[in-house]
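Can you make the complete structure from the sequences, with help from the hints?
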Amino acid sequence: MEILLKNGSLELEDGASCLAAAQKISEGLARSAVAAKINGELCDLSATLKAGDTLEIVTLKDREGLEVYRHTCAHILAQAVKNVYPTCNLAIGPVIENGFYYDIDFKTPITLEDFAKIEGEMLKIVKANTPIERFELPRAEAVKLMKKYKEKYKVELINDLPEDAVISFYKQGTFTDLCRGPHLPSTGKIKAFKLTALTGAYWRGNEKNKMLTRIYGTAFEKKSQLDEYLIAAEEAKKRDHNRLGRDLGIFMTSDVVGQGLPILMPKGAKILQILTRFVEDEEAKRGFMITKTPNMAKSDLYKISGHWAHYRDKMFILGEVDKNGESPKGEEIMALRPMTCPFQYQIFKNGLKSYRDLPCRYSETASEFRKEASGEMHGLIRIRQFTLSDGHIICTKEQVEDEFKRCLDLSYYILDALGMRNDVSFRFSKRGKSKSDKYIDNDEAWNKTEAMMKVILDDLKLDYVEADDEAAFYGPKLDIQAKNVYGKEDTLITIQIDFAAGESFDMHYVDADGVKRHPYVIHRSSIGCYERTLALLIEKYAGAFPLWMCPVQVKVLPITDRTLAYAEQVAEKLTYAGIRCEVDKRNEKIGYKIREAKLEKTPYVLVVGDKEAEDMTVNVNRRGVEEKSTVALQEFMAKVVEEDAKKIIF
RNA sequence: GCUAAUAUGGCUCAGCUGGUAGAGCAGCUGAUUCGUAAUCAGCAGGUCGCCGGUUCGAAUCCGGCUAUUAGCUCCA
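Heads up, this note's numbering is the position in the first sequence plus 1, with the first residue counted as 1.
Note that these hints are calculated values from the structure, not bench results.
One or more of the hints may lead you astray.
Quick list of simulated restraints, FRET-style, between CB atoms [to be verified]:
1) A374 / E98: 22 to 30 Å
2) Y487 / E208: 16 to 24 Å
3) E235 / K125: 25 to 33 Å
4) Y203 / E235: 26 to 34 Å
5) D459 / E98: 47 to 55 Å
6) F107 / E3: 45 to 53 Å
7) G53 / F136: 19 to 27 Å
8) A578 / I291: 21 to 29 Å
The beta-carbon is built from N, C-alpha and C at its ideal position, and this holds for glycine as well.
Here it is, written out as structure tokens:
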């Protein structure tokens with residue numbers, strides 16, 4: 002029979018396997034093959050071919066090949082765990098970005114110390130080089146088999162498979178696991194693996210279900226690649242803002258202040274001030290009106306906005322309330338604001354608006370408060386009080402598209418200045434099919450707004466992923482996502498269209514035809530949450546920020562006390578020119594001072610000695626540049642001022 | 001909130017199976033006045049996160065709380 006390849010064709014015996022095909026092409030290919038694709042479908046190497054099939058051999062060079070490899074490793078982990086702890090129950094064991102995990106229900110909890118034992122058992126399974134065989138069963142038989150092995154989670158999985166699903170199993174020696182596959186032909190193919198973490202995870206991702214034990218691991222083709230990966234992961238941790246930010250004196254936390262309440266120290270506060278001024282000025286240039294609204298309000302406001310019904314458990318409430326959110330004593334209840342929207346709406350409602358007043362663009366550097374669950378806090382990324390560049394554009398239906406695009410343009414501009422434009426991805430966060438009570442109940446509004454946003458996003462040719470059940474309680478969002486050093490993704494910036502607020506807040510404007518109409522609202526952030534953005538900046542630059550956002554741009558180091566006066570004179574001139582600088586006045590050797598200034602990642606270090614003092618020059622050490630140069634102080638100042646204004650990203 | 005781990009001077013960490021704390025860096029003092037990533041010496045600094053329990057005796061064992069970290073859930 003004839004089999005089609007990417008380039009050319011192959012003559013094989015009837016019923017030949019993919020592996021046989023690979024062997025016919027070359028022995029080398031057969032050795033490196035891990036799976037195959039028949040007519041584009043990923044399958045085992047043992048899968049048989051039919052005349053006319055298109056065949057592609059998958060190796061570890063392919064992403065899918067590595068996934069098959071890691072998935073097989075997950076099965077080896079499962080088998081090893083079953084060997085060591087026969088009473089445990091297996092749940093699921095998928096491949097993830099950098100490896101795999103397996104969720105397991107242990108009768109008695111295991112610890113990290115048990116990893117050695119499990120890894121040892123895995124090694125035995127690999128060394129035994131057991132063949133891995135696929136077989137299929139009808140549903141009833143499949144359930145029976147898993148019941149025999151007392152795998153209750155697998156039984157549940159089988160029962161939830163669609164009616165027409167093929168139910169397949171993989172058997173390696175005495176171990177059999179429910180799995181769609183494909184897998185490697187035998188366990189001996191695994192060369193380098195390691196178990197990396199031990200955590201908990203809810204069965205089926207639902208917090209109402211039992212929490213299982215999740216074992217994370219990874220596997221590579223070669224030991225050297227595994228080592229490289231582990232070292233890279235260690236290196237990434239050194240950039241972790243939560244460590245670096247503290248080391249560099251950017252922020253701290255205090256037990257007595259509380260969880261999720263970071264304290265920004267002078268350097269961190271300075272960076273935020275620089276970013277805030279930049280953003281507020283840019284917003285003003287783009288027609289935003291700055292507002293300053295209260296940090297708290299009566300529950301009455303949140304009842305109108307829907308927060309009281311949909312968001313109350315995440316709010317800090319001042320005063321005693323019952324489970325319906327009412328004061329048992331009939332007192333006035335205040336709450337810290339989790340968002341700025343309802344406050345800015347009050348400004349719009351102040352006085353009758355004409356269509357000529359629209360779009361009405363409000364923005365504010367707002368402190369917001371959200372009672373995140375205790376386990377959810379993380380450094381500066383997830384906190385309970387944060388500063389959001391929060392704004393609302395109140396406009397006509399016709400203006401929505403243009404205003405939305407302007408919001409995105411502003412965010413692009415800011416991301417460019419931060420050097421982060423290429424670090425983000427886009428998510429269209431919809432309610433989608435999910436209709437839980439966490440969303441405002443208005444199908445028409447949801448459908449209409451989601452459709453409207455999709456048209457805009459498609460028109461912008463944005464490369465976005467759609468995500469159901471990720472919307473805000475009041476509407477869909479365009480989320481601009483960024484990843485931290487651990488690869489965990491968070492929302493940096495969000496732009497949202499709200500179609501219901503006009504009506505629920507009774508906002509209106511008088512249109513050209515004299516009719517009162519409800520406006521549309523765009524909720525948006527330009528730079529996102531300052532603390533979170535700062536966290537990602539620390540990690541991106543490993544603390545070596547672009548000049549314009551450095552809390553200390555220049556450090557002046559006198560060589561001896563003789564030139565201290567000159568150093569101070571230099572610093573005074575720099576400060577007067579708007580350059581942020583410090584003088585290291587300590588009586589230390591110049592090498593010592595340079596070392597410290599460099600560890601602090603100061604962009605410019607100026608060494609001043611007798612020579613420099615004599616002719617009003619400075620010896621310039623640029624961060625990351627080996628050569629040093631002596632230039633006139635005036636010249637240096639002009640250069641730094643220019644560089645600062647340009648917001649050059651290095 | 002859940003599953004786990006961790007908590008020792010400002011920082012990084014030692015302190016084995018319970019006998020009552022130690023180093024390096026930082027700090028302070030003195031000497032040194034030095035030309036590009038750590039000058040030398042001395043001093044000081046800790047009720048071992050907090051509260052309770054077991055014990056003749058707890059940094060060490062047990063419980064509770066607080067905080068931190070990874071993950072789950074959630075999310076700007």
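So, going through the hints one by one against the coordinates:
1. A374 / E98: 22 to 30 Å: holds (25 Å)
2. Y487 / E208: 16 to 24 Å: holds (22 Å)
3. E235 / K125: 25 to 33 Å: holds (28 Å)
4. Y203 / E235: 26 to 34 Å: The hinted range 26 to 34 Å holds for Y203 and E235, with Cβ atoms some 29 Å apart.
5. D459 / E98: 47 to 55 Å: violated (28 Å)
6. F107 / E3: 45 to 53 Å: holds (52 Å)
7. G53 / F136: 19 to 27 Å: Between G53 and F136, where Cβ atoms are some 26 Å apart, the hint holds.
8. A578 / I291: 21 to 29 Å: Distance hint for A578, I291 holds at roughly 27 Å.
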